[in-house]
Amino acid sequence: MSLLTWITFLPLVGALLVAFVPTTSKTLLRTITLGFTVVVAALSMFVWSGFENGTAAAQFVTESVWFSIPGETTVHYKLAVDGLSILLVCLTTLIMPIVVISTPGHIRMRVKEFMVWLLVMETGMLGVFLSHDLVLFYFFWEISLVPLYFMLGIWGGDRRLYATIKFFLYTLSGSLVMLIAAIALIYQAGSSDIAAVTSWAGAQPLAVQGWLFAGFALAFAIKVPLFPFHTWLADAHTEAPTSGSVLLAAVLLKMGTYGLLRFGVAMFPMAAVEAAPLFMLLGVIGIVYGALLAMAQTDIKRLIACSSVSHLGYVVLGMFALTQAGLRGSVLQMINHGLSTGLLFLLVGMIYERRHTRLLDQFGGVAASMPVFAFFFVVAVLSSVGLPGLNGFVGEWLILLGAFEASALFGSIAVTGVVLGAVYLLVATRKMLFGPLEREENRSLKDLMPREIGLMLPIVLACVWIGVQPNPFLDKTASSIDAVMERVDAARAELQVGQATSDQPVNMTTAARTQR
Amino acid sequence: MNAESLKGYFDDAFLMGVSPMLTLTVGVLLLLLIEVIPSVIKLRSVVFVATLLSAFWNEILISRDPVGPILGGTYSADGASALWGMVFLASTFIAWIFGRRYYKTDRTFLGEHDVLLLCTPIGMMLMAGAEDLIVFFVGLELLSIPLYCLASFQRARDRSVEAGLKYFVLGAFAAALFLYGAALTYMDSGTLSLTRLREVGVDSTLGLTGVGLMIASLFFKVSVFPFHLWVPDVYEGSPTPVTTLMATGTKAAGFAFLLKLIFLLPSGAAPVIATVAILTMAIGNLGALVQEDVKRMLAYSGIAHAGTLLLVVAGALAGDPEGHATSAALYYMAAYVFTAGGAFGLLSWLEADGEHFTRLESLRGLAGRRPGMAAALTLFMLSLGGIPATGGFLGKWFVFSVAVRAGLTGFAIAGVLLSVVALGYYLRVIVAMYMEPELEGQAPPMTRRLSASIATGMCVAMVLVLGLLPGFFIG
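For the record, the sequence lines run as chains A and C.
For what it's worth, the numbering used here labels the leading residue of the first sequence as 1, then goes sequentially.
For what it's worth, the numbering used here labels the leading residue of the second sequence as 1, then goes sequentially.
Keep in mind the hints are simulated off the structure, nothing from the lab.
None of these values were measured; they are calculated from a predicted model.
Glycine residues also receive a C-beta, built at the ideal position from the N, C-alpha and C atoms.
Watch out, some of these pointers could steer you wrong.
Unchecked claim - If we take Cβ atoms under 7 Å as the criterion, some of the chain C residues that face chain A in the derived model are:
no., residue
1, I387
2, P388
3, A389
4, F400
5, S401
6, V404
7, R405
8, A412
9, I413
10, V416
11, V420
12, L423
13, L427
14, M435
15, G471
Produce the entire structure from the sequences given, and follow the hints as far as they go.
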């Protein structure tokens, strides 16, 4: 069996194993889960080191026949990794052990079930990023809804049932429209292999591309979530248990942006060029509106959830700027958002476990009683607002560069988002950490335990590393992004030719008229 | 008819072609015989299972080496009818095994129950393979009459009797509709043979009225709008194992013939059929959304699934020269038999301990008390909702593939959006089992049942295999 098959399905094997461990041995359950996620993370490092930077082609390909749709095409089990997915795959595998280590704080009941769902979720997420067959991709895409549904519904907050059903139905309705688009696409292209479908789709006229693009983009826009589909996110994030929120922010939302890139921009370049202004507009609205929403929040977790909407607006803005810088920044920012927002959710979870509230006005001066916590919180906030030297800066810089190249108007509005982001996060930091230590409950708060520090250190290190030296990460994605840009440029050229030919007859008649 | 012409009827091909039905008939006779010999009454289950298994084996043989038209072209023992036959046998088996310990006061009549039950797959097979309107009608009655009795099998229970009566009155009405339609068609074209009718084509008002009446009668059998009104009451009132059979086997048989009959309509009628399909889905899903009883909810969900399958029929009519619609419908129905069969089966397990235990609130906290049962029911709910790794997902994929290929994309989009509504109520079952605290005094007792456990395990395995390794069943 190939490496990618191991990486994808080892967590599922772990889930089956965990299912047979007695419910009462909670430490054993956690250890086994941790063991499996660590092994998967280690295996993914082989992929990272063996990955060839110089090619846009799919690597580590493993392929075999899965089944044939009656009278149609043969569906393949095809896993591979390329520049668009390599970073996300490694982010997923590396964040999983951290999530598992964080669970003793907030998952105390029904530990076994949680571990099973955690592992099933890892298989689902990795499957989404690694699938290079459309049917297989859709299969993993929908299946990854189920574990989060259970995580939210069983271990969530007070309004968990509302949030969980809203999340499920919202994302499912988008997915099912994508199902029809995928069926139509496979039928017309005569194959479900993503490379084959992509080359078929690129050669189609705008009318064909447009409809298919719309079907796919809707599903991804809901998942991202892009304004105006963002309402499920705030509820889901707020009600989810810490580890669910971390995974949601770090990985699951990235499935949406990843999908927009691979099945939107790369697959239907002509439609993407035409739709770019709309998506940039929605991205910019998301940036500003998300920031304003975040400002108005009194619950710190909800505040971070709203900031996610704002940050993902940047990712979409950079992507649909359709420039080298924008795309690179967009791909890097997916990782950055995962790291910094994931870190913030972890920290909020830790303070909630101690204080049992997340309302900002209940805090104040926490830095005095929890200095280590304060340090990590400030790092996470600074990374999130894009302080130079930390990861957020590189991504946002590239995105803004790309956005200005495409449209000065959207670029300048997006810049205000950076300022707003600094405002709401720094204000929240001040309210929480600094100022006088007035409340009695905050005085006696215990600072972080070694376990908690240990699990956050890798994320902080990654934030600094990407901030100081982003090139190793950007280089991994470069060739694939070049290939996407080539397709986009070709589509632009074709659109211009199309316009020119449709203009021509008009010109000729006017010319004829003037001659007369 | 002289001896010479009879020779053409009863040759080896004939024997092979009718062998599944012949086996079942022998089984029925044996069961009747066993009833009168008290010393061998224990053999009843053995005979029942052995009959089903050997009929299944015959179907496998036919599917490998199709016989083609027999009985003077009135019945076709081809690959499709053999596969339908397997679906019917599986459905009968599920209904039977979950019924083992279901009946309490009516246990003494289990012999009659089994005889009646074993008659139904013969009728279904005749329906699925019929190439002649009268042969179909014989099959229909052979299925329906035992079902009327089975629906009212719990004589001491008012609702069961009521269900049987309702089903009988409306079923007789539908049968009359069919006969009237067949008569009009015969008046128009002078033949009852489907093959001939397809060759000649039906285009006069008289003939089309006849075909329309026959289709309406089938719509009644498969519970399609606007002929679905009997479904919730009858499904809820009948003994649950019988409901299983009605929801899966009967529906499959109706669709098997509908997929043949539909070609008598002009292809311009496809949007009309597709509209009916969407309306059926809407009514089924919206009706299910407000139910508090899971059995009744599954009855409405059955209406919605009939709507989905009707989309395949519309796709077949709109343009599907190679019969992909039939394989899509077969796959969908096979998945549905095991999914709905398993779900209804688990409900019958709970219901046997008290009729109110199928209510949603009784399922609360089931995951803590009976993790295995809750997990199986979760899988069935996800499969009914068409979530991947289950047979329901691939079935949905194939069905909507047919619709999109036939150019019914708008209807397909409406259909998938309605299946989002469906998830709304399937998830309520999961929410109750996993996410809500148990209600005091509402919990069903922990009865153990070996046969039902085995049957559940089989359904779970089949749902997963159909969802993960479809290569087994395609081709």
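Evaluation of the provided hints:
1. Interface hint at C:I387: satisfied, since its Cβ lies 6 Å from the closest Cβ of chain A, which is below the 7 Å cut-off.
2. A least Cβ separation of about 4 Å between C:P388 and chain A falls short of the 7 Å threshold, and the interface hint therefore holds.
3. The interface hint given for C:A389 holds, since its Cβ lies 6 Å from the closest Cβ of chain A, which is under the 7 Å cut-off.
4. Against a cut-off of 7 Å between C-beta atoms, the interface hint on C:F400 holds, since the closest Cβ of chain A lies about 6 Å away.
5. Against a cut-off of 7 Å between C-beta atoms, the interface hint on C:S401 holds, since the closest Cβ of chain A lies about 5 Å away.
6. Against a cut-off of 7 Å between C-beta atoms, the interface hint on C:V404 holds, since the closest Cβ of chain A lies about 5 Å away.
7. Annotation: interface hint on C:R405 holds; nearest CB of chain A at approximately 5 Å, less than 7 Å.
8. Among the interface hints, the one on C:A412 holds; its C-beta lies about 5 Å from the nearest C-beta in chain A, closer than the 7 Å criterion.
9. This hint holds: C:I413 has a C-beta 5 Å from the nearest C-beta of chain A, less than the 7 Å allowed.
10. Given hint, C:V416 at the interface with chain A, holds; its Cβ is 4 Å from that chain's nearest Cβ, closer than 7 Å.
11. For C:V420, the interface hint holds, since its Cβ comes within 7 Å of a Cβ in chain A; the closest pair sits about 4 Å apart.
12. Given the 7 Å rule on beta carbons, the hint for C:L423 holds: about 6 Å separates it from the nearest Cβ of chain A.
13. Hint status for C:L427: holds, given a least beta-carbon distance of 6 Å to chain A, under 7 Å.
14. Evaluation of the C:M435 hint against chain A yields a held restraint, the C-beta minimum of about 4 Å falling below 7 Å.
15. The interface hint given for C:G471 holds, since its Cβ lies 4 Å from the closest Cβ of chain A, which is under the 7 Å cut-off.
In terms of the numbered hints stated before, the structure departs from none.
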